[in-house]
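Participant: Go by the hints and put chain F onto chain P.
Top line first, the protein sequences correspond to chains P and F. When we follow my numbering, the leftmost residue of the first sequence carries the number 1, and every step to the right adds one. When we follow my numbering, the leftmost residue of the second sequence carries the number 580, and every step to the right adds one.
Misleading hints may appear alongside valid ones.
[Said to hold, decoys possible] Simulated restraints, written as ranges between beta carbons of each label pair:
{"no.": "1", "chain 1": "P", "residue 1": "Arg548", "chain 2": "F", "residue 2": "Ser611", "range": "51 to 57 Å"}
{"no.": "2", "chain 1": "F", "residue 1": "His599", "chain 2": "P", "residue 2": "Asp51", "range": "27 to 33 Å"}
{"no.": "3", "chain 1": "P", "residue 1": "Asp51", "chain 2": "F", "residue 2": "Thr622", "range": "46 to 52 Å"}
{"no.": "4", "chain 1": "F", "residue 1": "Thr664", "chain 2": "P", "residue 2": "Trp498", "range": "39 to 45 Å"}
{"no.": "5", "chain 1": "P", "residue 1": "Trp498", "chain 2": "F", "residue 2": "Thr622", "range": "26 to 32 Å"}
[Unchecked claim] Far from chain P, some chain F residues (derived; all Cβ distances over 10 Å):
{"no.": "6", "residue": "Arg605"}
{"no.": "7", "residue": "Pro679"}
{"no.": "8", "residue": "Glu690"}
{"no.": "9", "residue": "Ser737"}
{"no.": "10", "residue": "Lys744"}
{"no.": "11", "residue": "Asp759"}
Keep in mind that the hints were calculated from the coordinates and are not lab data. On a predicted model such as this, the values are computed, not experimentally measured, just so you know. For every residue, glycine included, the Cβ atom is placed at its ideal position computed from N, Cα and C.
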Amino acid sequence: MQTIEAKTTLDINKQEVENITGSEAVLKALLAEGVDTIFGYPGGAIMPIYDALYDYTDRLNHILVRHEQGGIHAAQGYARTSGRPGVVFATSGPGATNLVTGLADAMIDSTPVVCVTGQVFAHLLGTDAFQETDVINITTPVTKWNYQVTDASEIPGVLAKAFYIAKSGRPGPVLIDITKNAQIQQFEYKGYQPCNHIRSYRPRPLIRKAYIEEAARLINAAERPFVIFGQGVILGKAETEFKAFIEKGGIPAAWTILGLSALPTDHPLNVGMLGMHGNYGPNVLTNECDVLIAVGMRFDDRVTGRLDKYAKQAKVIHLDIDPAEIDKNVKATVPVWGDCKETLPMLTALLEQKVYPLWLNRFHDCTKKEIDTVIHAELNPTQEIMTMGEVIRELNEITGGDAVIVTDVGQHQMVACRYAKFNQSKSNVTSGGLGTMGFALPAAIGAKFGAKDRDVVAIIGDGGLQMTLQELGTVMQSKVDIKIIILNNRYLGMVRQWQQLFNDKRYSFVDIESPDFVALAKSYRIDGRCVSHRSALKSAMKEMMAHRGAYLLEIMVGKENNVFPMVPQGCGVGEIRLS
Amino acid sequence: MNKDSNMKQEYTITVYTENHVGLLNRIAIMFSRRKINIESLNTSPSEIEGIHRFTIVIHETVEVVRKLTRQVEKQVDVLKAYYNTNDEIVWQELALYKVPTDVIAEKAKVERLLREHGARAVVIRKDYTIFETSGHREETDKLISVLEPFGLIEFVRSARVAIIKNSSGFHEKLKEFEMDEPGEEIVENEYLDKGKDVFVM
Numbered sequence: 001m002q003t004i005e006a007k008t009t010l011d012i013n014k015q016e017v018e019n020i021t022g023s024e025a026v027l028k029a030l031l032a033e034g035v036d037t038i039f040g041y042p043g044g045a046i047m048p049i050y051d052a053l054y055d056y057t058d059r060l061n062h063i064l065v066r067h068e069q070g071g072i073h074a075a076q077g078y079a080r081t082s083g084r085p086g087v088v089f090a091t092s093g094p095g096a097t098n099l100v101t102g103l104a105d106a107m108i109d110s111t112p113v114v115c116v117t118g119q120v121f122a123h124l125l126g127t128d129a130f131q132e133t134d135v136i137n138i139t140t141p142v143t144k145w146n147y148q149v150t151d152a153s154e155i156p157g158v159l160a161k162a163f164y165i166a167k168s169g170r171p172g173p174v175l176i177d178i179t180k181n182a183q184i185q186q187f188e189y190k191g192y193q194p195c196n197h198i199r200s201y202r203p204r205p206l207i208r209k210a211y212i213e214e215a216a217r218l219i220n221a222a223e224r225p226f227v228i229f230g231q232g233v234i235l236g237k238a239e240t241e242f243k244a245f246i247e248k249g250g251i252p253a254a255w256t257i258l259g260l261s262a263l264p265t266d267h268p269l270n271v272g273m274l275g276m277h278g279n280y281g282p283n284v285l286t287n288e289c290d291v292l293i294a295v296g297m298r299f300d301d302r303v304t305g306r307l308d309k310y311a312k313q314a315k316v317i318h319l320d321i322d323p324a325e326i327d328k329n330v331k332a333t334v335p336v337w338g339d340c341k342e343t344l345p346m347l348t349a350l351l352e353q354k355v356y357p358l359w360l361n362r363f364h365d366c367t368k369k370e371i372d373t374v375i376h377a378e379l380n381p382t383q384e385i386m387t388m389g390e391v392i393r394e395l396n397e398i399t400g401g402d403a404v405i406v407t408d409v410g411q412h413q414m415v416a417c418r419y420a421k422f423n424q425s426k427s428n429v430t431s432g433g434l435g436t437m438g439f440a441l442p443a444a445i446g447a448k449f450g451a452k453d454r455d456v457v458a459i460i461g462d463g464g465l466q467m468t469l470q471e472l473g474t475v476m477q478s479k480v481d482i483k484i485i486i487l488n489n490r491y492l493g494m495v496r497q498w499q500q501l502f503n504d505k506r507y508s509f510v511d512i513e514s515p516d517f518v519a520l521a522k523s524y525r526i527d528g529r530c531v532s533h534r535s536a537l538k539s540a541m542k543e544m545m546a547h548r549g550a551y552l553l554e555i556m557v558g559k560e561n562n563v564f565p566m567v568p569q570g571c572g573v574g575e576i577r578l579s
Numbered sequence: 580m581n582k583d584s585n586m587k588q589e590y591t592i593t594v595y596t597e598n599h600v601g602l603l604n605r606i607a608i609m610f611s612r613r614k615i616n617i618e619s620l621n622t623s624p625s626e627i628e629g630i631h632r633f634t635i636v637i638h639e640t641v642e643v644v645r646k647l648t649r650q651v652e653k654q655v656d657v658l659k660a661y662y663n664t665n666d667e668i669v670w671q672e673l674a675l676y677k678v679p680t681d682v683i684a685e686k687a688k689v690e691r692l693l694r695e696h697g698a699r700a701v702v703i704r705k706d707y708t709i710f711e712t713s714g715h716r717e718e719t720d721k722l723i724s725v726l727e728p729f730g731l732i733e734f735v736r737s738a739r740v741a742i743i744k745n746s747s748g749f750h751e752k753l754k755e756f757e758m759d760e761p762g763e764e765i766v767e768n769e770y771l772d773k774g775k776d777v778f779v780m
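Chain P on its own, in the form it takes in the complex (with noise of 0.2 Å):
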């Protein structure tokens, strides 16, 4: 070992060994971990860094974003279309607290983010200084790893550590506070080193065989088998291993509101969304199969609804990278620990070639009785007014299922869910777990620059847009070219929905009134339009998507429309409504 250790420092010492600044060792970091982009806002105790920034700028894109929060959740938008960390700049204090919505975000949908923030010098910790907040101690619940550095010998080490846990096992975001001297500070730099082994944290469980056999002799003998996937299967770039394990296995797969885009909508195996406004068949059947396979997912209890009557009669088989996931909400017969990467490859080679008609057929019933029901009229109603699943069905037509598209939350968020088409993975980015109106604008701006040669349609409410409408700033300084849809239906729908279910109909405070959207992004020199008419609704999508740079489309639609297929808040996954 130590042998090691001395060639190791020998071969540092022939190397030239340049003194450069802690800010220029941040910068050197990004770039050999293959950054590209930065989503970031300079403040006072960032400014080295963005000193050293500036001479960076032919290597490094950045984005000046007008928020903090729009920063993260535009790096959050990068991440979740290129499968890289996206990376923010921030600066200490009020700079550094803007960043805990994104975080606590990404923390929940396994996001890699990394965050560098500035801090005040460190002598001045501690002293109520001007912009010093506790950030290290305010973001601890909400970064898979955060630290602070004092010193700039310490950076090259650190920014390697929080790359490597920010993409490695489960991943998610870290946040690096950097003290004002540390990113002036001259140092010996020795090269960067990137980071692949820190003795106390294990990314990848170990694959044990026994399990892999048990779980593929439970599959073998399963006569109602169901595969449920959620989003370990796309941050684990294993959506080749599933399609080809539930081809195999001939079983019918269902997914999660992350997990959409693992599969593409149209393949035959694939019945659709789990959860609260997922689709009927997949909820209702979880409750009818005898082997329930859970694949990157997380039994979140928007999926399962009440747990004590949440597949009670299955035998539970669960695929997942972190073992803090496994009993956490939903028993595992047999817990298959690791990435689904190498586990479901394995469990593949053991499975009999096999097909379930009559199994499957009951899930093709309960889609009838949904189209029935629910979505013929959604899709093709006959009203005057709009409805948002007509919206989606013209969009489909015109993707053709080849646009990434990103939501923010509530009732359009669940409408484009149930009804977009993907083609291909990586092309849904909404915010899941957290729920965090004002998500997709300027997720949606990240998405674009993680996935520049495709086509980015933002879904947005009229009241998730008025959350961070300050990010049209950022699409036109950086003219990014993305398409915003607003489904105005002058209600924050979601919650209204639910007063009129649960409370009555009693509208506490939904009615919200917007500005004219239209002249707003004009005011910010982006094109628009806004429909109010089915017989234009085509035209105005055309428009959109061939327009060249961003274009935001107001469309209104129905006041009081509601989402339906929907499992009440403590109900089980059997009790859906459909109406």
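Facilitator: Here is chain F on its own, set in the frame of chain P:
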């Protein structure tokens, strides 16, 4: 689930960690987030230089403790976390008692009581004397009530420190942790020990 798993009892959680600033907070908030009161918390060095050891006592059901321990172990700077019932550990708490010296000097009974409770004098001054005793909560508590009639001036008790009876220490495990691909030994899986139970559930 059987009755036992819903029964709350005392658990001692032992956490081996890196010695990093901020980790105490990161671990403590995992309990407060779930509104679980920490009965006792001790941080100390462990048998290995540079590795810290937390000893945390909570009163909870085994279900909650198991999930919580996994969440603790998931933290980047945590190497390993264990939870144990009281019969699986040997534990001690240290208590200090300050009493007026004149009372002790005058009353032979006090001296006898102190001796009965295994107390040792740490400091003897003209005005007061500080005694120390260690043991389980009930034992150190008992001495309070014994000393109270004689004018107990101050009392303080430390957090619990505990040794897991069937643990062989952390030296061997650490070596494995330092490898890129740790072996099965350290990536313990409680299912393995009761494999049969798992698969017939």
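Participant: Against the structure shown, which of the earlier numbered hints fail to hold, in ascending order?
Facilitator: Structure breaks hints 3, 5, 6 and 11.
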